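Peer 1: Line by line, the protein sequences are chains A and B.
Add 3 to the 1-based position in the first sequence for the working numbering, that's all there is to it.
Add 1138 to the 1-based position in the second sequence for the working numbering, that's all there is to it.
The hints are simulated quantities; they were obtained by calculation from the structure and are not laboratory data.
Everything numeric in this text was worked out from a predicted model, so none of it was measured.
For each residue, glycine too, the CB sits at the ideal point set by N, CA and C.
Treat each hint with caution, since some may be false.
[Unchecked claim] Computed footprint of chain B on chain A, listed as stretches where at least three residues anywhere in the stretch have a Cβ under 8 Å from a Cβ of chain B:
1. 494-508
2. 758-769
[Stated by the list, open to error] Calculated Cβ distances over 12 Å to all of chain B for the following chain A residues:
3. K70
4. A223
5. G322
6. D649
7. L824
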Amino acid sequence: MIRLALGTLRQHRGAYAGTFFAALLAVALLVGGGLLLASVLTAKPPANRFAAAPIVVAGDRDVTLEKVTTKQKKDKSKVKRKVKSERLTGAGSLPVDLAGRLGDLPGVAAAVADVAFPVQASTPDGRPLRGADGAPVIGHGWASAALTPYLLRGGAAPGRGEVVIDADLAQRSGSTVGGRLLVTTKTGVHTMVVSGVAAPAGRNGLPAQGALFVADGEVATVSGLPGPTAVAMLTRPGTDPVALRAAVGQVAGDHEVLTGADRVRADLPGALPDYIGPISIFGFVIGITAFAAVFVLTGTVTLGVRQRLRELALLRTAGATPGQLRRLLGVESLLLAGAAALPGAPLGVLFAHLVAARFQELGAVPAQFVVRTNVLVIVAAAAAGMVVTFVGARVAGRRAVRIAPTQALAETADAPTGGLAPRIAAAVTTTAGAVALLVFVPLDGPLGMGMSFVSSALLLCTVAALGPLLVRALTTPVSRLVGVGGPTGWLAGLVSRAEPRRVAAIAVPLVLMFAINATMLLNSALLGQLAQREQQDRTAAATAQVTAPGGLPLDTVERLVALDGVTGAAATLPTRAIVEQGGKPEDFASQGLLIAGTEAALDLDLRAGTLPGPGAFAASAYVAGQYGWRVGDDVQVWLADGHRVDLRLAGVYARARGFGDLVLPAELVAAHDPRGLVGTVGLRYRGDVPDRIAASWPGLRLAPTLAAAPANDAQNQQGAWELMVVISLGFTAIAVVNTFAIATAARRREFADLRLAGATTGQLHRLVDREAMITVAVGLLLGALVTAIVVGAFSAAQDGTVRVVVDAGTYAGMLGGVAALGLVAGAVPARVLLRRRGLPALGDRR
Amino acid sequence: MGRRVVRETRLDQAFPMGNSDGTPARGLVVEVLDVTKAYTGGGGVRALDGVSVGFEAGSFCAVMGPSGSGKSTLLHCAAGLDRPDSGRVLLAGQDIGGLREPRLTEARRQRVGFVFQSYNLMESLSVWHNILLPQRLAGVRPDQGWAREVIRRVGLTGREDDRPGRLSGGQRQRVALARALASRPEVIFADEPTGALDLSTGREVLGLLREAVDQTGTTIVMVTHDPAAAAWADRAVFLADGRIVAELADPTAEKVAAQMMAVTVR
Ligand SMILES: Nc1ncnc2c1ncn2[C@@H]1O[C@H](COP(=O)(O)OP(=O)(O)O)[C@@H](O)[C@H]1O
Ligand SMILES: [Mg+2]
Chain A
4 MIRLALGTLR QHRGAYAGTF FAALLAVALL VGGGLLLASV LTAKPPANRF
54 AAAPIVVAGD RDVTLEKVTT KQKKDKSKVK RKVKSERLTG AGSLPVDLAG
104 RLGDLPGVAA AVADVAFPVQ ASTPDGRPLR GADGAPVIGH GWASAALTPY
154 LLRGGAAPGR GEVVIDADLA QRSGSTVGGR LLVTTKTGVH TMVVSGVAAP
204 AGRNGLPAQG ALFVADGEVA TVSGLPGPTA VAMLTRPGTD PVALRAAVGQ
254 VAGDHEVLTG ADRVRADLPG ALPDYIGPIS IFGFVIGITA FAAVFVLTGT
304 VTLGVRQRLR ELALLRTAGA TPGQLRRLLG VESLLLAGAA ALPGAPLGVL
354 FAHLVAARFQ ELGAVPAQFV VRTNVLVIVA AAAAGMVVTF VGARVAGRRA
404 VRIAPTQALA ETADAPTGGL APRIAAAVTT TAGAVALLVF VPLDGPLGMG
454 MSFVSSALLL CTVAALGPLL VRALTTPVSR LVGVGGPTGW LAGLVSRAEP
504 RRVAAIAVPL VLMFAINATM LLNSALLGQL AQREQQDRTA AATAQVTAPG
554 GLPLDTVERL VALDGVTGAA ATLPTRAIVE QGGKPEDFAS QGLLIAGTEA
604 ALDLDLRAGT LPGPGAFAAS AYVAGQYGWR VGDDVQVWLA DGHRVDLRLA
654 GVYARARGFG DLVLPAELVA AHDPRGLVGT VGLRYRGDVP DRIAASWPGL
704 RLAPTLAAAP ANDAQNQQGA WELMVVISLG FTAIAVVNTF AIATAARRRE
754 FADLRLAGAT TGQLHRLVDR EAMITVAVGL LLGALVTAIV VGAFSAAQDG
804 TVRVVVDAGT YAGMLGGVAA LGLVAGAVPA RVLLRRRGLP ALGDRR
Chain B
1139 MGRRVVRETR LDQAFPMGNS DGTPARGLVV EVLDVTKAYT GGGGVRALDG
1189 VSVGFEAGSF CAVMGPSGSG KSTLLHCAAG LDRPDSGRVL LAGQDIGGLR
1239 EPRLTEARRQ RVGFVFQSYN LMESLSVWHN ILLPQRLAGV RPDQGWAREV
1289 IRRVGLTGRE DDRPGRLSGG QRQRVALARA LASRPEVIFA DEPTGALDLS
1339 TGREVLGLLR EAVDQTGTTI VMVTHDPAAA AWADRAVFLA DGRIVAELAD
1389 PTAEKVAAQM MAVTVR
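In isolation and in its complexed conformation, chain B is listed as follows (with noise of 0.2 Å):
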């Protein structure tokens, strides 16, 4: 129950900021505008359709919607990973449209961590090594104390010598989550963090990513779509067809598969 009075305190303070009709906001981390992203292959797919979202400094956003909706496509534009075709977007007020490598990916590892389904971990290094590696690419002095820390709060303290591939799958996926907070990373995309894992350890780890919100004030933006994981979110966005279609704040399961329901009949 405390975890859900934390929650509260921080609704208080993030809904009035949060906004979705598009008035300007304190602190928006990433913002989407406008954007639209075709895939060649396959009959010129439109996976993204001129969608414009923000996400505020300090929210936990979840982007739902329907497989195949481009959920993922979001993220990856959102985050640098991919190239819109048209629309801009912006990381901490920086067009990241008009970088060029390699400055994209040193603005990535600046300011964004990631955590992906599929875990995404260097096999060869362990989890001590996996959790430095975006610090030592950036060239700083990996913060071994917050580090620690890190590890400590993810429930891993012990296994820093260990391999990835000895590690279960709710196991790894907090190695990854430790290694996206590791850095101090503005704000963390997550693309269906849970995807793999049971409930349980599923449930766990959104407890960390809540945490991280609540107590470090990174931002969160997950891609999910399963209504119980959204309800951990300040707020939900639905995609469908490449369009932002709906809005929640404050989401409950009941609420997102409601919604869910009302998009996928559409």
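Chain A on its own, in the form it takes in the complex (with noise of 0.2 Å):
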């Protein structure tokens, strides 16, 4: 059976080589995600900074809650325990006498307070400090050495007023022992000298954290913690591991204590690469690969299976049974979708790390990340490739090969068409699940990209299942006004219309290539658009806007506010906080707010109630909506370092885009956050303000409102976003010139029959150019209709404004773009299969 389908592979080359090709692709799309997901999933931290201390225990690192619910039934109750956590971005610091306590443990030989805290550091000339790869400045007291250990290489250990630092930041600013260094903490701006240098064995510096010392009796000072975040044990040898551990849990009590590979999560988290935002961008780009991947692959495999019709049929006549054809179809799949997944896999493990390496540029993954080729998942990715290929040769023959023999006779096969029952019932699940989607899923909320992105997917599924009846609806008016003049504007129209699957096929792939990236490109740009209105609106009121490269520590920024002639300021602290509901503790992106002055230099766009004072907070009107809060309500609000306060919420506010959906008192998140420094003061002054600026602090930068840079987060998220679209055009446009080329490959027997029939060859050319233009035009309608409902939905959930278009130059590109690729890919295997002079096929038909 399979030798007589090979023999055949001559004929349908093709079909299979588009199978082929489409399943490579595929599989090589799957392996890139999946290996770019496991990676990041199973990132582990570059180096341990305790690599000296066997254990340690540290403060907390995440909000962890449980909900108990007890259910009764009958006459027992049951208890469900459902334990949900979130992480912080700072560090909970443990009490100051807990390190003399563990030291005093047999065993022990040291027990080390460390404190670790973000620094901004520079060299008098305004050279920032920054380690390799843009690594952050990690602060601690000069006794955490011990536990990497850092070793002096030149210089002393630092007294008062001085730092030791490690060997790679002291190359890379050009500092030397006696230099000086400006180091911004919260508590302020510290001109320190430079002791000494120091490096752990082997290396400059530590991967991904740079070392600042400071001598122990200034850490609290410079760093304005009331403790150490955590504490390192250094042993004495021959102590029993076990029962250390044991006795160590004793003293600490409820903090959590860690040894081996657990010990890095005892550093300060922003000394270590931050994984959380990757995984989403690549959990995102598996997404929407592997839609793309199955949805184009099933389409090729139906059409490949479609245009084999008559071949089945030889076979049916020849005594194979429908069983016989389907397992014909379903090996030949797999061996197909085999063949192409060796070279698929290696293509996808390139994919990854050129995507990684792109993504790591544009600074929305952390330099220190690896792709790691992780056998196991490129084997499941070919298997699911695999699956995939065989699934679809499956449905797609499911009533292929119970075609009547007796179709071997006829010119051109066709199978019995199936009830439209199934088509229509799939394509009202997959229409339903994108109307709930977008109804029900708050699309302006964290969510909104993704469900928007999942919703269009579904959309797609519905125009692929209804494809030749949407088709047929729509080829008529279209060919109408495409076949007007001439015999081949006249032909295309009449053998579109009579084609409706083929055109389906060829159209569908242009419809994904435009909705799933329209959707994308306007979404985004619309919250863009959206973001920077907002933040224009929110700082108009302010003539000016001052900020510091590192930022700003708060007690310059009263003085800074304080100054005569300022008659309104108001100064925000990035930072992140934890709300709860449902016993599910959530973070979300908040401002440290300070106002000074009588004049309003932020307007945050107030629905009610006051911005916050002491003791209380604001809440985008999102957020409150969510969890259902009202201005006078009493709400638990997590800090940066896990500290809980109760605040009152005291206004609602709608400018939340691009700036944050809590605002907290500005002295809160100034003690609590790690960094704690004000990012930007927004001022309205009268008279030399300026000029006095200049004057007391010379590294401020002072700037109009109207020319200040939009945040530098959005713009790596910008990018990350744009590079994911790159790859699904990149996709796309390849599955829309594979599928243009699978079904012109089939019809050179019909070219050949139009040649006979006294067509040129440049009639060919014309013919098939219109009918691509049809095909185009259907594609382009079919996909403009389901980005204008996502966009509409998505767009309206944001501000109750229904757009479209959003962003008319996106639009336009994307409409010309997807027209182009559609009418070359139409226009160029036409031409390679009419290229050869005469006539094709007269010798090589059946």
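Make the complex out of the two chains shown on their own, each in a separate frame, by following the hints.
Peer 2: Below, the structure is given as structure tokens:
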């Protein structure tokens, strides 16, 4: 059987090659996406700062809530515990006396109170200190040096007003012993002298974090922390680790005791590469690529099987049962996909590396991220590609294998047309799913982008299920328009109307290409526009914005806003805070806010209440709505270091985009965020305030509000998003070209017949071009429809305005780009096929 | 019997003009002069080896020969579907060897119609549109009255809107014939037009070809290996190994069969 089928391979090279190619790319995408996600999920911290300390006690690193529900069932009551936690962006601190108590345990040589805090350091001429790949600089007391250990390479341990920096930082900043550094923490700007340079054994510094050590006596004043963020123990040789761990656990109480690889969790969260963002980015990448790959692959397989109906009928005449044909299609698809996986897998590995490198360049993924080649993922992705091809072939062959043997004798074989019922059922299900998502998911929330992508994917499935029907309805008017003038136009219209399935098979990838990418681009453009507009509206009231390279300490800001002539000021400290609902903690981008003066320098568009004073906070309308809060409610808020406060909701505001969902008192944020620095100060002033600011604080930048740059974070996000669209554009474009090529390759005979009927090669070219125009127009119409539904709903959810085009340039670019690609993809294969002089295929009919 | 009479009348007029010994004759529609054609594949087969033959206006000629003797190749070269390696082909006096595309296609669709064993109809077009297709492609206003008349003659009235896929083999071959006739070509080339048809359907198609010659003066060149089919023609030429080896005027099935035996045994 298989040999029989392979014997016909030559005639169906087009279909086989197309399916093979689609499977190859699909496997490559699945492997690539899978490797990226697996690598980011299993990403290990690049180094352990506690390498020399076998056992570490850490302060809080997350907020963990336990929800206990009791169910009364007859006479038994059932207790259910659900534990949910949310990571902190800062680190909780430990009691000051804990180190002393742990140091007394037998087997402990020393218990070091480890303090880790982010610092902004720069040379006196303003060059900021950054580690390799822009790694942050973390401050510690000199005692912590023993935990890695860092050993002095030159100079001496720090005394008062002195620092030791690691050799990597020294090299990058050109600092030497005796040089000066400006060290900014939330406690202020400290001018310090470099007393020494230290390094871990065998390297200049740890990857991903630069180290700056201050005198142990000075840690508290420089860091502003109430206690150590961890206590790390150096042990005596021969100590039983299990017994020691138990003993430490006794003393540590609620605090976590960490050993082995877990010890890195005792470090400051900001000192470790952050994989939370990349996890969602790569999750999205695999979501998009998997959907596109599966969608395209099933379409291609279906097209390939349809083109071989005649051969299937011939096999039926030769005595094959439907069951045998089904097995034939199944085995053949497995062989094809298996063969495609061989080049597909290495291509996927390459793809993962390229994408990771690009994301790293954009700063959306930590520089320390490495793509690990995980054989399990590769095998799973290849298997997934094979399963999809197999299922696609079986589904496409579902009716085809029941083809009547007599169809072999007919000119073109036609499978029994199955009932419309399954198609309509599938379409109704996917449409209902899409509508439900668009209606019930709050699209203005964090899930908005993801869910609008899913709903456009569902609508695409609807289009695919109803393909021939939709195409039939659209082709008639479209072909009337395109088909005017000349015999080729007339013929193109007739042929397209006669072949709705072929038109649908080619149009669906065009719909996919337009809808998926336009939805992502337009939605993100919309968010960008809205965020920019809200940013402008928020800050318009201020005359100028004051910023400093690393941020401003709050006390500096307090002095600045008290300057004579400042009539209004609003200082914001970016942070994250956690609130809880139903036992589930969730963190939100937040701002600490300091207001001064009589004139407003920040307009949050308050919808209720007032801006918060001490002991109070404000929430965005979105969060207040989600959590059901009203002004005057008391709400538990966890700050970045896990400190819990009860705050009263003072106001609800609307302009939260690019800002944050919670507004907290500045003092509170400054005290509990590890960084705790003011990002920007919006100012209104009279007179020569700028001159006096420049005189008192030469490092500050004062810019008119209009020229203020958007937040850097938003730019990273935008870049990552655009890269995802590029990947998906690339793949869907290849799918369009591939589908056109498969469909055209099967028309050799039809073209020969037309030539016999008197068509010149030029006329065939024009015919194919007109047909491509009809197909592209149908595809774009359907694509625009899907896009309009999703983008319209997304836009309405954002601010009540239904927009469809959002950004005319992007929209026109997508329309023009997809149309141009479709026309070229339609024109080229036919020209290649017809390039041979004379009449094609007169000799090799059948 | 009526048919027979008509045929004889034609023969009386046609025979004096038909000739095989190369003397110039009145109105040769197609003239093949010393044509050779070899295919590169399969050991360099000489499909045609110095063939010269002329087809007169208003005549019906059968090209006979065993399979692989070069019949189809001769037809393709004579019709301008393929280019000979050497020699000349004159279509209505015009040397088509010098024509480049798309002139060649234009000349062909102006003067030539085709009927093939495999019908070669456009599946996506209705019978009516298939029949008008060559005229549309030629950019001329289709003669719809004549098309309807042709459809009536081939007995397809009422099936105009059907797709070829819903017709029987014989009906499809009639559509192909109607298409060839609808554009009033000077010559129709038919390659085994009855090859895929049953006996009686084949006879009907042959009758229609005969009728086209008799009633509209169309020239027909028909390739066949069936002596009974050749008997409908005015003349039969015999090919073997790419050469013309014999010729018969006023062929009957018996004479043709005997000649075929001789050719095949040779
Ligand atoms: N496209 C082709 N490529 C190679 N050889 C061919 C081709 N077409 C025909 N031939 C060879 O040329 C010879 C004549 O073929 P053809 O004219 O089709 O014969 P007939 O029609 O008399 O059966 C045969 O030997 C055949 O194998
Ligand atoms: Mg032949």
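Peer 1: Each hint: holds or not?
Peer 2: We went through each hint and held it up to the structure:
no.: 1; hint: 494-508; result: holds (count 5)
no.: 2; hint: 758-769; result: holds (count 9)
no.: 3; hint: K70; result: 64 Å, holds
no.: 4; hint: A223; result: 85 Å, holds
no.: 5; hint: G322; result: 22 Å, holds
no.: 6; hint: D649; result: 75 Å, holds
no.: 7; hint: L824; result: 25 Å, holds
In this structure, none of the earlier numbered hints is contradicted; all agree with it.
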